[in-house]
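Trainee: Each chain is listed here by its residues.
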Amino acid sequence: MATILLVEDNEMNRDMLSRRLTRNGYEVLLAVDGQQGVDLATSRRPDLILMDMSLPVLDGWEATRRVKAAPETAAIPVIALTAHAMEQDREAAMAAGCDEFDTKPVELPRLLGKIRALLGEEG
Amino acid sequence: MDGEAAQQDGDACPYDPGGLGREATLLRATLENMAQGVAMYDASYRLVTWNQLFREYLDMPDEFFDNAHTFQDYIRYLGARGEFGDQVDIEAVLARRLAQLDHSHRFERTRPDGTILEVRRDPVPGGGFIAIYTDITERKLAEMKLREDEEQLRAVDAAAPVGLVIIDRASHLIRHLNGGMSRLIGREAATLAGRPVEAMFADPDKGRELWDILAGPPVERREFILPGPDGAPIWTMVAHGDLDFRGEPAIIATFVDITDRVQMEQQLREAKEAAESASQVKSAFLANMSHELRTPLNAIIGYSEILSEDAADNGDTAMVADLDKIQAAGKHLLGLINDILDLSKIEAGRMDVYLEQVFLNRTVDEVRTIVGPMMEKNGNRFVIDCPLDLGSLRTDVTKLKQSLINLLSNAAKFTKGGQVSLSVTRRQEGEVGTVRFEVRDTGIGMTEEQIGRLFQAFTQADSSTTRNFGGTGLGLTITKHFVAMLGGTITVSSVPGEGSVFAIELPAEAAEAPPAEAPVIDGGAPVEAGAITVLVVDDDPAVHEVLAATLGKEGYVLRHARDGIDALDIMRRDPPDIVTLDVMMPKIDGWSVLGIMKSEPELAHIPVIMLTIVDDRNLGYALGASEYMTKPIDRQRLLGLIHKFTPGEEGGQVLVVDDDPDVRAMVRAAIEDGGLHAAEAGNGREALVWLGAHPLPSLVLLDLMMPVMDGFAFLSEVRANSAYADLPIVVLTAKELTESERSYLAQNTLLILNKSAQPIGTLGAALSAIAGRSRGVGGKSAAGKAAPGGAG
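Protein chains in written order, with UniProt numbering: chain A, 1 to 123; chain B, 1 to 792.
To be clear, the hints were calculated from the coordinates, so they are not data collected in a lab. Take the hints with a grain of salt, since some may be wrong.
[Said to hold, decoys possible] Straight-line C-alpha distance at most 16 angstroms; calculated EDC-like pairs for lysine to aspartate or glutamate: (1) A/LYS114 - B/GLU366; (2) B/LYS140 - B/ASP168; (3) B/LYS331 - A/GLU107; (4) A/LYS114 - A/ASP47; (5) B/LYS401 - B/GLU505; (6) B/LYS480 - B/GLU429.
[Claimed, not checked] Across the chosen pairs, the derived CB separations fall in these ranges: (7) B/HIS694 - A/GLU62: 45 to 53 angstroms; (8) B/LEU333 - A/LEU30: 26 to 34 angstroms; (9) A/GLU62 - B/GLY372: 32 to 40 angstroms; (10) A/GLY113 - B/ARG436: 25 to 33 angstroms; (11) A/GLY120 - B/ASP365: 20 to 28 angstroms; (12) B/PHE455 - A/GLY113: 33 to 41 angstroms; (13) A/GLY120 - B/THR295: 26 to 34 angstroms; (14) A/LEU30 - B/ARG368: 18 to 26 angstroms; (15) A/GLY120 - B/GLY452: 51 to 59 angstroms.
[Claimed, not checked] Below, a sample of chain A positions facing chain B; criterion: calculated Cβ distance under 10 angstroms: (16) ASN13; (17) THR42; (18) ARG45; (19) GLU91; (20) LEU108.
None of the values given here were measured: they were computed from a predicted structure. Yeah, the Cβ is synthetic: ideal placement off N, Cα and C, and Gly gets one too.
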């Protein structure tokens, strides 16, 4: 069972997405800010990270950069989640090292498709 | 008396007592030819000689011309006739006239009929006098007219609501200044006439400024601010021209007060600015608000989805239906918010256009995926006609996709159980290529009037459909704006009850970027101190354009080379801070350029970004690699490979070529575990040296990115030497374009971007990161390779 780290400060979003991911057979780790996200990524080595970009303490871009800079976590795919459905946001997220990008509100089938592709799972 | 008058008119002169005959005749002729009335009186004031004009002027009865009537008789007669006015004392007039007769005198008299006579009387020697009457009516009238005209002019000059100044061209002296001008500047004309133009204002600079305008070529109009009487500025429109004033060259200038207009303009401008800033505030508010609205919506949509899934699991279909309605409403609201956000950005001019090469088939496929379910929902057949060889166009893919989705979802919405088709065609007219996207449906269609309202915000032909997903009424408005931003047009035709056709035509090359054919080599632009220079090496002009547009905006100074040879020339002449290198190029390819760069000390340190659509794997094979392995290295696979190439050999040797000692150590361990010996080389050059000095190894494990000589250059050398023809080489390299590669690149200031997968716009961020680092480290040491982080 693949483990997904969900870094999201909004309680409702965190709750919804974690429940739906769990329902789809993933083990979900939760972090409420960027720093916690980086810490959990390092200590638990999830298979994939879902990273909100507007986060307290450490924002999603910086958290992603740190995850990607550390050799032990660099290989973990990161999907940026942002409410700004803008091309610049996508590019900024990619520049920070994210492997994928998705907008909120989450369209679960679409997000699941991206997760599966990055985890190398069959559709 | 008639007789006498007749006699006088006839042949003889009535006054010829001396019988002077001929002389008298001459005198008579002279008198009659005079243009004046003449009368002569003798010493006793009897009228003795006259001419015809005299009779006409005074209109006297014949009996007075009998040589017996006296001056007194005439005056009395004329007076009685009212010649001197109605109620005058004739005797007093006569007394006055008589008193004047002893000396020459002259006066003017206006007769009752309006004619004006000038009367002149001169005494003659020996007594008597001569009176000469001249009709000066015309002259008098002309004089009067002239005087009136002059007064009129003077009044106009004084009263005209326009300032007028006449200035002598040579001396700058004010020749004339009218009342209007004097009122404008609050100075009396008299105090300024004859003074230099500079004296017109308290501030001599102001006067000089005016003179500069007036001395210049006559222009239609020019604005000039006059200091008013109270010092407040008066905006005037000045016009001036040449004038010959009393024989001297002069300048005539008029000043029209336009203060009201200027102030009105200013108020308008302020109002406009206020409106614009209000509009920006509105847009910013909308953008923020949209964000705030999305967060709770997110929860509404998400939880209703979760509940709907739960309900479905529990078999509660009624609940599922209700929850789906909540979800659909939430999505509708979300679509509305997104559209409003788009529209407010368009209105605020903050909608940016990102141009890139867009592949038509791929884009159409993506659109099909999105609109497919909408088509099914209304039972429509969706037909796509997009030939596979359509190629690409340069445009903003997001806006193009959204426009197509808007048109197609509309078509799907207004068509039930019919057909919707999307056809894409390309047309080339000379240099200009266009791509046409046509969306045709067999739906309800529209009337002329509905078409007229079509592109207005918040209007829909059928308002009852707004409950459908996406039906915000803003879609077409946004689409129209998008298409315009991309330099295209949108057209519509429709027949009610039969269907509609919407067509978008876009230029194959959306304008906005620099000229299509960028100069091959641009060594010219002066380099700003501190600016980072980027040498773009690519044979595709589009790449030059995109980079110029994106990087130029960021303050990078770009150099351009169309092939590797040019690139090397430019680099050697003036090493850039960063090079972006295409792989597939004519003459010499990117890898060769990279190899040459790494072998030249002056160029080796320059960070290079490879732009490629060829993956390393194929290139590695093409260069003669036996196998290909990706980093991070899978130990088992490595062992498997080693065994594959060293079958049954014990004690064989494997040469590990990698610049990272950690990788070499790890690989050495694996090799030794496999019962083989390992030799190490830090780069291609070292490896070549090693090969020359040792027997052929069983296998070479080769990293691609290395200093001095990289894996590609090593491969070329080895494959060119027949002695090494059978040497098995396994290439180790970072896999595709992933995180491990990125961290590898991050440490080596070398980056491989996959052109087909990565938006070229992200290059700016990558470049600044690299530039910052290479600056910080400085010079060659930046190129000195640290450990590739991917290994491990």
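Trainee: Against this structure, judge whether each hint is valid.
Mentor: These are the hints, each one checked on the structure:
Of the pairs offered as hints, the one joining A/LYS114 and B/GLU366 holds, with about 15 angstroms between alpha carbons and a cut-off of 16 angstroms not exceeded. Our distance criterion of 16 angstroms between C-alpha atoms is broken by B/LYS140 and B/ASP168, whose separation comes to about 35 angstroms. For the proposed pair B/LYS331 and A/GLU107, the alpha carbon gap of about 11 angstroms is at most 16 angstroms, so the pair holds. The suggested pairing of A/LYS114 with A/ASP47 holds, with an alpha-carbon distance near 13 angstroms, which does not exceed 16 angstroms.
Our distance criterion of 16 angstroms between C-alpha atoms is met by B/LYS401 and B/GLU505, whose separation comes to about 14 angstroms. Proximity of B/LYS480 to B/GLU429 is assessed by CA-CA distance (about 24 angstroms); at most 16 angstroms being required, the pair is judged violated. Taking 45 to 53 angstroms as the suggested C-beta distance range, the pair B/HIS694 and A/GLU62 conforms, at roughly 49 angstroms. Distance hint check: the CB atoms of B/LEU333 and A/LEU30 are about 28 angstroms apart, consistent with the given range 26 to 34 angstroms.
Distance hint for A/GLU62 and B/GLY372: a CB-CB separation of about 39 angstroms, consistent with the stated range 32 to 40 angstroms. The hinted range of 25 to 33 angstroms is satisfied by A/GLY113 and B/ARG436, whose Cβ atoms lie roughly 32 angstroms apart. Between A/GLY120 and B/ASP365 the C-beta distance comes to about 23 angstroms, which sits within the given range of 20 to 28 angstroms. Distance hint check: the CB atoms of B/PHE455 and A/GLY113 are about 35 angstroms apart, consistent with the given range 33 to 41 angstroms.
Roughly 33 angstroms separates the CB atoms of A/GLY120 and B/THR295, a value that falls within the hinted 26 to 34 angstroms. At about 37 angstroms, the CB distance of A/LEU30 to B/ARG368 disagrees with the hint of 18 to 26 angstroms. Remark: the range hint 51 to 59 angstroms for A/GLY120 to B/GLY452 is upheld by a beta-carbon distance near 54 angstroms. For A/ASN13, the suggested interface contact is upheld, since its CB lies about 6 angstroms from the closest CB of chain B, less than 10 angstroms.
A least Cβ separation of about 15 angstroms between A/THR42 and chain B goes past the 10 angstroms threshold, and the interface hint is therefore violated. Given the 10 angstroms rule on beta carbons, the hint for A/ARG45 is violated: about 13 angstroms separates it from the nearest Cβ of chain B. With a cut of 10 angstroms, the hint placing A/GLU91 at the interface with chain B holds, because the nearest CB-to-CB distance is about 5 angstroms. Because the smallest distance between the Cβ of A/LEU108 and any Cβ of chain B comes to about 7 angstroms, under 10 angstroms, the interface hint for this residue holds.
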